[in-house]
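S.K.: Starting from the given sequences, assemble the full structure and let the hints guide the process.
Going letter by letter, the sequence shown gives residues 5 to 413 in my numbering.
Don't read these hints as lab results, they were simulated from the structure. The beta-carbon is built from N, C-alpha and C at its ideal position, and this holds for glycine as well. Don't take each hint at face value.
What the hints assert, rightly or not - Here are the simulated lysine to any residue pairs, SDA-like style, with alpha carbons at most 20 Å apart:
id : residue 1 : residue 2
1  : K323      : P292
2  : K304      : P150
3  : K129      : E49
4  : K231      : K285
5  : K386      : R320
6  : K192      : T181
7  : K62       : L99
8  : K100      : E49
9  : K69       : P106
10 : K40       : E72
11 : K100      : N177
12 : K192      : N212
13 : K226      : R320
14 : K163      : D198
15 : K262      : S225
16 : K62       : A85
17 : K125      : E49
18 : K226      : R290
19 : K69       : K129
20 : K118      : E63
Claimed, not checked - Here are the computed distance ranges between Cβ atoms for each label pair:
id : residue 1 : residue 2 : range
21 : T284      : S136      : 23 to 31 Å
22 : N188      : D54       : 25 to 33 Å
23 : T343      : T203      : 52 to 60 Å
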Amino acid sequence: MININKQNMLPKVIAILIALLLWFYINGDQNPPIQKSINVDINYEDLSEDLIVTNEIKEIKLKIKGDEKVINNLSMRDFSAIIGLKDAQIGEQELKIDVRAPIGIEIVDVNPSKVNVNIDKMAEKQVPVRVSLLGNTAKGYSSFKPTVKPSHVVLKGPKKLINTIVDARVDVNLNNTKNNLVLNLPIKVKDKNDKTYGTEVFIMNPSNVEVFVPIIKDTPSKLIPIKPVLEGNPQAGYKVGRVIIEPETIEIVGEYDKLGAINYIQTEPINITGIKENTTKEVRLRLPSNVSLVYNAKVKVMIQVEDNLTVKTLQREIKVLNLDKNKNIKLSPAVGNITVEGNKEILNGLAAKDLELVIDVAGLNVGMHELEVQSVALANLKTLKVEPSKIKVEITKEENKEDQQQEVE
5 MININKQNML PKVIAILIAL LLWFYINGDQ NPPIQKSINV DINYEDLSED LIVTNEIKEI
65 KLKIKGDEKV INNLSMRDFS AIIGLKDAQI GEQELKIDVR APIGIEIVDV NPSKVNVNID
125 KMAEKQVPVR VSLLGNTAKG YSSFKPTVKP SHVVLKGPKK LINTIVDARV DVNLNNTKNN
185 LVLNLPIKVK DKNDKTYGTE VFIMNPSNVE VFVPIIKDTP SKLIPIKPVL EGNPQAGYKV
245 GRVIIEPETI EIVGEYDKLG AINYIQTEPI NITGIKENTT KEVRLRLPSN VSLVYNAKVK
305 VMIQVEDNLT VKTLQREIKV LNLDKNKNIK LSPAVGNITV EGNKEILNGL AAKDLELVID
365 VAGLNVGMHE LEVQSVALAN LKTLKVEPSK IKVEITKEEN KEDQQQEVE
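M.R.: Rendered as structure tokens:
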């Protein structure tokens, strides 16, 4: 049997405890807990697609505590700050930030721990892009009207803010140039208070546009309108409602006497035979001799087609409906006018039965009456006016033949 000496054991246990305490002391001294501040980006999550946050706070400041070695190896990517917007409503509201840290790291302070978030309806607006020319061309050269492609920008953002936007533009610095400028530039938008916004506030489509600024050595020039030349006719029942030209005017250069005699430029003929819907054509211009364009040899012509409606007034005898066989009737007046709107070809081919004026005397007794005149027309005609709208009617009882003979005797 082993004999354990308790007196020898006690010093050994004490020595082991001292060694452990010394080890913990040395290890803690080499890796002590520290505090540190770190900036963390805020993530806004679960917001409905038709809503937008208008006053995003980008980041918060965290004060964290932990082992020095661990703390020094951490970055902002190891933390998360989340604002849940699943139940957010339009307007301003105070929301709590959900902060998450790695295991073993204590969050001492969050600044701020809550934020005021403003939610607005997402809206869309189309704005024409304007070019602002800055500076001057080289001496003896001139700049002409710039062109922008595309000519409009679609903005998407907070409804309240988007309703204040009045201008979209790009700035072009001429820088004493002698050559045409072809640039790709970012769009800036301005509100009614002249405050400028960019892609940090709005989603822009496009965010950049291509700008062409013609630079020409000084030569006599003139800005004149463009006139489209249309050939043929739309399909029967349709007509050309409106013709839109883009651009509406063009800059031409040439000798003074030539320019003075030109008041407009025509397009090449555009064949519209048989069309029945809106049509867009890109065509060239017919230029007089000794005259040239500053830029843009082609124009876009949009032809809007609409129903070929016309208005026509016709005279008709007023027909009587539902008159008893033993009664007579006298109308005053007996004829009326009806004004209708419809397709020109249909109106020109109307038969008498296609358009009638009638009164209904069903159930009326002998005597004087005032009745409304009604129109009966084809379904594709619209009645605009009936004159007179009411007429006087006298209903009398018809005398039989025996009564007539007694009166003669």
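S.K.: If a hint holds in the structure, say so; if it doesn't, say that too.
M.R.: Tested hints:
1. K323 to P292: 64 Å, violated
2. K304 to P150: 17 Å, holds
3. K129 to E49: It is violated: about 25 Å lies between the C-alpha atoms, which goes past 20 Å.
4. K231 to K285: Status holds; Cα separation ~14 Å.
5. K386 to R320: 16 Å, holds
6. K192 to T181: Distance of about 24 Å is beyond 20 Å: violated.
7. K62 to L99: Cα-Cα ~14 Å, so holds.
8. K100 to E49: 13 Å, holds
9. K69 to P106: Distance ~11 Å between K69 and P106 Cα, so the pair holds.
10. K40 to E72: With Cα atoms ~9 Å apart, K40 and E72 stay inside 20 Å; holds.
11. K100 to N177: 47 Å, violated
12. K192 to N212: 9 Å, holds
13. K226 to R320: 58 Å, violated
14. K163 to D198: Measuring from Cα to Cα gives roughly 18 Å; hence the hint holds.
15. K262 to S225: Status holds; Cα separation ~10 Å.
16. K62 to A85: 10 Å, holds
17. K125 to E49: Judged against 20 Å, a Cα distance of about 16 Å means the pair holds.
18. K226 to R290: Holds, at roughly 16 Å.
19. K69 to K129: With a Cα-Cα distance of about 49 Å, the restraint between K69 and K129 is violated, given a limit of 20 Å.
20. K118 to E63: OK: K118 and E63 at ~12 Å, within 20 Å.
21. T284 to S136: 23 to 31 Å: 29 Å, holds
22. N188 to D54: 25 to 33 Å: 32 Å, holds
23. T343 to T203: 52 to 60 Å: 57 Å, holds
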